[in-house]
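Undergrad: Same order as they appear, the protein sequences are chains P and Y. 314 is the number that this note's numbering gives the last residue of the first sequence; the numbers go up by one with no jumps. 1392 is the number that this note's numbering gives the last residue of the second sequence; the numbers go up by one with no jumps.
Since the hints were made in silico from the structure, they are not lab data. A portion of the hints provided could be inaccurate.
As the list claims (entries may be wrong) - Here are some chain Y residues the structure puts well away from chain P; computed CB gaps all over 10 Å:
hint, residue
1, 1148
2, 1154
3, 1155
4, 1199
5, 1204
6, 1272
7, 1316
8, 1342
9, 1384
10, 1388
Stated by the list, open to error - Facing chain P, from chain Y, some residues (calculated, C-beta under 7 Å):
hint, residue
11, 1151
12, 1218
13, 1226
14, 1230
15, 1245
16, 1248
Claimed, not checked - Pairwise CB distance ranges, derived in the manner of DEER restraints:
hint, chain 1, residue 1, chain 2, residue 2, range
17, Y, 1389, P, 27, 44 to 50 Å
18, Y, 1209, P, 210, 18 to 24 Å
19, P, 19, Y, 1177, 39 to 45 Å
20, Y, 1341, P, 304, 42 to 48 Å
21, Y, 1198, P, 106, 43 to 49 Å
22, Y, 1328, P, 27, 57 to 63 Å
23, Y, 1209, P, 198, 27 to 33 Å
24, P, 252, Y, 1258, 57 to 63 Å
25, P, 139, Y, 1161, 51 to 57 Å
26, P, 198, Y, 1328, 26 to 32 Å
27, Y, 1161, P, 122, 46 to 52 Å
28, P, 114, Y, 1192, 20 to 26 Å
29, Y, 1202, P, 308, 32 to 38 Å
30, Y, 1177, P, 191, 30 to 36 Å
The beta carbon of each residue, even a glycine, is placed where N, CA and C say it ideally should be.
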Amino acid sequence: MSPSSTDTIDATRHARRRRVIDALLLAALRCAAGVSAAVVLVIAWFVAAEAWPGLRDVGVTRLLTDDAWRPTAGRYGMAPMLIGTLAATFGAVLLTAPLGVGSAVFLRFYAPRRVASVYRRVVELLAGVPSVVFGLWGIAVLAPLIATVSPLGQGQSLLAGVLILTMMTLPTVALTTDAAIAAVPADTRRGAAALGLSRRAIAWRVVIPAARAGIVTGVILQTGRALGETMAVLMVCGNIVQTPHSVFDPVRTLTANIALEMGYADDRHRAVLFVSGLVLMLLVAGLVLIAEAIDRRRVHVT
Amino acid sequence: MPDSPTHPAPLRISELTVRYGQTTAVADVSLDIPAGAITAIVGPSGCGKSSLLAALNRMTDLIPTAVVTGHVRVGDTDVYDVRTDVVALRRRVGMIFQRPNPFAMSVRRNVTLALREHGVSDRAILDAITERALRDVGLWDEVRDRLDRPATTLSGGQQQRLCIARAIALEPDVLLMDEPCSALDPIAAETVERHIASLRGRYTVVLVTHNLAQARRLADHTAVMWLHDGAGRIIEHGPTAAVFDTPTHDLTARYVRGLQG
Chain P
13 MSPSSTDTID
23 ATRHARRRRV
33 IDALLLAALR
43 CAAGVSAAVV
53 LVIAWFVAAE
63 AWPGLRDVGV
73 TRLLTDDAWR
83 PTAGRYGMAP
93 MLIGTLAATF
103 GAVLLTAPLG
113 VGSAVFLRFY
123 APRRVASVYR
133 RVVELLAGVP
143 SVVFGLWGIA
153 VLAPLIATVS
163 PLGQGQSLLA
173 GVLILTMMTL
183 PTVALTTDAA
193 IAAVPADTRR
203 GAAALGLSRR
213 AIAWRVVIPA
223 ARAGIVTGVI
233 LQTGRALGET
243 MAVLMVCGNI
253 VQTPHSVFDP
263 VRTLTANIAL
273 EMGYADDRHR
283 AVLFVSGLVL
293 MLLVAGLVLI
303 AEAIDRRRVH
313 VT
Chain Y
1132 MPDSPTHPAP
1142 LRISELTVRY
1152 GQTTAVADVS
1162 LDIPAGAITA
1172 IVGPSGCGKS
1182 SLLAALNRMT
1192 DLIPTAVVTG
1202 HVRVGDTDVY
1212 DVRTDVVALR
1222 RRVGMIFQRP
1232 NPFAMSVRRN
1242 VTLALREHGV
1252 SDRAILDAIT
1262 ERALRDVGLW
1272 DEVRDRLDRP
1282 ATTLSGGQQQ
1292 RLCIARAIAL
1302 EPDVLLMDEP
1312 CSALDPIAAE
1322 TVERHIASLR
1332 GRYTVVLVTH
1342 NLAQARRLAD
1352 HTAVMWLHDG
1362 AGRIIEHGPT
1372 AAVFDTPTHD
1382 LTARYVRGLQ
1392 G
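For reference, chain P alone in the conformation it holds in the complex:
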């Protein structure tokens, strides 16, 4: 056998082995993707199935219009908690969006290099703080602080929930905005500078509009996170089921309600809790879809 034919056989053997490895890898990846997709579907199906008796026996109208939440007495008014959830979430977004975008603009356009790198590190750390720690801090520091200014004389309130959620979502909004600004081509920035635009105009008139899609996507995804946040909110909101009339009123969110009552709920009560879970899931899913639609548009425009 000539050396060259040995080489050929080696090469064929190599090729075959590569093909086998490729096939195995592909199968493994398919499994992983399949499992992830299946988990989501199974959870969705499970929640929907558990919620079904609640929807069937109580109905959406009564869930929204019953005068009180006394699930053991057959009164299922969830509207105050839905309002509490939405109020806490959108209050937080109203604070987070300008603060997050503002801090990212500061980082990218105004901060001296060294300050910017330290600041970015700190924000990254803040994004990694577990929610229960935020909750502890809320109970120990934030709530007493609010109590000193509250007409009700107590700190656990919608305001405390809004502020805690703001603090939890702010770092991530700042980081996603920072990344969106960084993704604006340097040529765009140089072009703006070459037109004699001031730093303020470059930031707010040129770069931020160009980064808009990425910024909005980040804010929307954090809105979803705020909607679903449970632990910290449970710890600082006071958990009284009522429609808030001022930011100092204690509220109970849907997430807190599930966490508080699932331990002892049964039958219809339990099913109704699953309905609230389903509502949260749909809200978050809706937000994710909106974020994706915006993302897709960005890809097409540029």
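Following the hints, complete the assembly by docking chain Y onto the known chain P.
TA: The following block gives chain Y in isolation, referenced to the frame of chain P:
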């Protein structure tokens, strides 16, 4: 404002050196650039042409490691004087980049953004300036019906002409162009080149190019840069015909004959 004539200004560069950290990109360049003419700066890649150009409107300020020494005067303004307002300077010294970089906004807003920032708010004046600037680059008839569409929907050549229109809407005295045609297809490049030629007399144009034929077609004056001891220097300059037909420097002679660089 819309009818104010432009005042092309001469540039006087003396003993200009540009360093990035330890690297010297441009060494000891002195060059007079006459008002209202097109001056080409040619030379092989990496010889410091773009760095020299960026130093003329202080775009080098945006590069943290860049250090510029020497003097540049635009008309009566000392570019590197500490009292010089760099924002005002860049309004007088416009710049066109190699790759078209329109902003992610409408065609109209690309042209009017800087004007608005500089205090022009009258809609009629803005419209008049927009139309004239777009006509100057031959873009008006192509985009008059889609002024409010995103500029990113234009073709590459149209985008580059929009960028020129955006710059001349500010009535600058000087236009710096950094290889403005090199990222375009030949037909678009030809169109852009034709409109650059039409700017002669109204603006002082400094054109960096590695396309010798383009320099020969467009430029009244040509300066040749060459890498010498690791830094870019000007080895020859003068009227374009003289530089190309009767070069005095051996490297220039070889370069313009396509033998070197």
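Undergrad: Report the numbers of all earlier hints that the structure fails to satisfy, in ascending order.
TA: 11, 27, 29
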